[in-house]
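Participant: Sequence:
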Amino acid sequence: MMILKKNEFIDLEFTARIKETGIIFDTNVKANAKEVGLEEVRQLRVCIGEGMVLKGFDSALEGKEIGKDYEVEINAENAFGKRDPSLIKTIPVSVFLEKEVNPYPGMILNLDGIIARISSVSGGRVLTDFNNPLAGKTVIYEFKVLKKIEDKTEKLKILSEFYIGADKFELKEDKAVFSGTFHKKAFELLSKKAKELLSINVEIGAKLVKKNIDENTVEVGGIKVSKA
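Everything in the sequence shown is counted per this note's numbering, starting at 568 for the first residue and increasing by one.
One or more hints might be untrue.
Here are the simulated EDC-like pairs of lysine to aspartate or glutamate, each with C-alpha atoms no more than 16 Å apart in a straight line [said to hold, decoys possible]:
#, residue 1, residue 2
1, Lys751, Glu770
2, Lys724, Asp734
3, Lys601, Glu580
4, Lys631, Glu709
5, Lys656, Asp679
6, Lys759, Glu728
7, Lys752, Glu728
8, Lys760, Asp734
9, Lys715, Glu580
10, Lys622, Glu640
11, Lys573, Glu629
12, Lys760, Glu617
13, Lys722, Glu740
14, Lys762, Asp741
15, Lys572, Glu644
16, Lys742, Glu755
17, Lys573, Glu763
18, Lys714, Glu632
19, Lys742, Asp718
20, Lys572, Glu632
21, Lys711, Glu763
22, Lys714, Asp578
23, Lys742, Glu770
24, Lys586, Glu638
25, Lys719, Glu737
26, Lys631, Asp578
27, Lys586, Glu644
28, Lys711, Glu580
29, Lys719, Glu575
30, Lys714, Glu629
31, Lys715, Glu606
32, Lys635, Glu709
33, Lys722, Asp734
34, Lys719, Asp734
35, Lys759, Asp741
36, Lys739, Glu755
No lab work stands behind these hints, which were simulated from the structure alone.
Generate coordinates for the entire structure from the input sequences, incorporating the hints supplied.
Facilitator: Have a look at this one:
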């Protein structure tokens, strides 16, 4: 019997529901996804205890067995947070009309990258709720750990996908080289976690590809250079 511990990497399947209604709001189980009209399911691979999933779900993974079915109830504080009254704003209806939006109660909008729900429209004013739609909700996660991930390359992919949204790198011994442009703070976090969890040093390197144009010219990284 294998009991899972903090900092171990795992592959799992899950279905998440709102306790009060039983409505599924997230899943990577194909049968359940089809039931609620989700077109795609995604593989969920995480490092336990690293905050890659909801706080309450993350803590529930520790101490579990591979291949066994579990269910955990997570209160709002450890799920999507409590509702914050300060995030409910009154906005003049003219602001919406200027953007050719006719607001109505229940309408969901993306306002400057933030999801908002229209609570009411009255007297030229729109009551707009910027809380996460699942804030204040108790949720239930049904889950099963499919396997423990042992391969170091796969572990680094999980970390890099989470921190910088990329999983392409060259790994030789204990050094991984990434090509691309990444947010500085995010890459620093990846570097810290890769060293801490996997004993791997990460860095960014420009990989130049040389291609012959003709016998007197080569292309290096997209720039044509004449041979001497």
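Participant: Of the hints given before, which are not true for this structure?
Facilitator: Numbers 15, 21, 31 and 36, in rising order.
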